[in-house]
Amino acid sequence: AQSVTQLDSQVPVFEEAPVELRCNYSSSVSVYLFWYVQYPNQGLQLLLKYLSGSTLVKGINGFEAEFNKSQTSFHLRKPSVHISDTAEYFCAVSEKAAGNKLTFGGGTRVLVKP
Amino acid sequence: DVKVTQSSRYLVKRTGEKVFLECVQDMDHENMFWYRQDPGLGLRLIYFSYDVKMKEKGDIPEGYSVSREKKERFSLILESTSTNQTSMYLCASSSRGLGGQYFGPGTRLTVT
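Protein sequences, first through last, are from chains A and B. Straight run, no breaks: the first sequence in my numbering ends on number 114. Straight run, no breaks: the second sequence in my numbering ends on number 1112.
One chain only, chain A, in its complex shape (with noise of 0.2 Å):
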């Protein structure tokens, strides 16, 4: 079974400072790494995905991760957050033979402060 540890439940950051938001997954087979955003009081929107080829996926709003097959990490960062940016994100994963069948992470909290 698939499983996916987000290793801060909450980060601060000054407005402006980078941010980076750690996700860790174990599996025994290959996979697909998503990760989600949920803006207060709404549901969760997609920022990137990553499916195959280059390792390096660019997301909305100036957001990238990194998947590391070798550390099975896929972390996600921004070089300059705004304040707007305050929100929850989700690491999720899903099996290549589940579908479309996410598992997720138990979230973290970014407070972006001015």
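Careful, some of the hints might be misleading.
To be verified - Once the Cα atoms are required to be at most 30 Å apart in a straight line, the calculated DSS-like pairs of lysine-lysine come out as: (1) 69/A to 101/A; (2) 1053/B to 101/A; (3) 113/A to 1070/B; (4) 101/A to 1070/B; (5) 1003/B to 1018/B; (6) 1013/B to 49/A; (7) 1018/B to 1070/B; (8) 101/A to 1055/B; (9) 1013/B to 1055/B.
Simulated from the structure, these hints should not be mistaken for lab results.
Got chain A; can you put chain B on it based on the hints?
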């Protein structure tokens, strides 16, 4: 844009009451999902459906059932609510491809 709508944003129910949560998507997606979201636990899959009238249990199906009579509509049923079902419920849909899932705004259910 894909739109996934959920019948209620907030619900308050008493223990033992029956609850229907309805989800509708407008993109002709084959797959639909119901999750519950609790602090620190992320999203946990309750049930999913790959086609009309088909359903499969997710990771935490106990205390829940589902119905999918039409392709665009997926209902979550709580036959007899309990306080441990107080949670945020999220519906999602996806195509058979690998585009990821599209989520509704969620229903916050409080059982007293």
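Here is what the structure says about each hint:
| no. | hint | in the structure |
| --- | --- | --- |
| 1 | 69/A to 101/A | holds (20 Å) |
| 2 | 1053/B to 101/A | holds (18 Å) |
| 3 | 113/A to 1070/B | violated (46 Å) |
| 4 | 101/A to 1070/B | holds (20 Å) |
| 5 | 1003/B to 1018/B | holds (27 Å) |
| 6 | 1013/B to 49/A | violated (37 Å) |
| 7 | 1018/B to 1070/B | holds (22 Å) |
| 8 | 101/A to 1055/B | holds (13 Å) |
| 9 | 1013/B to 1055/B | holds (26 Å) |
The structure is inconsistent with the numbered hints 3 and 6, although it conforms to all the rest.
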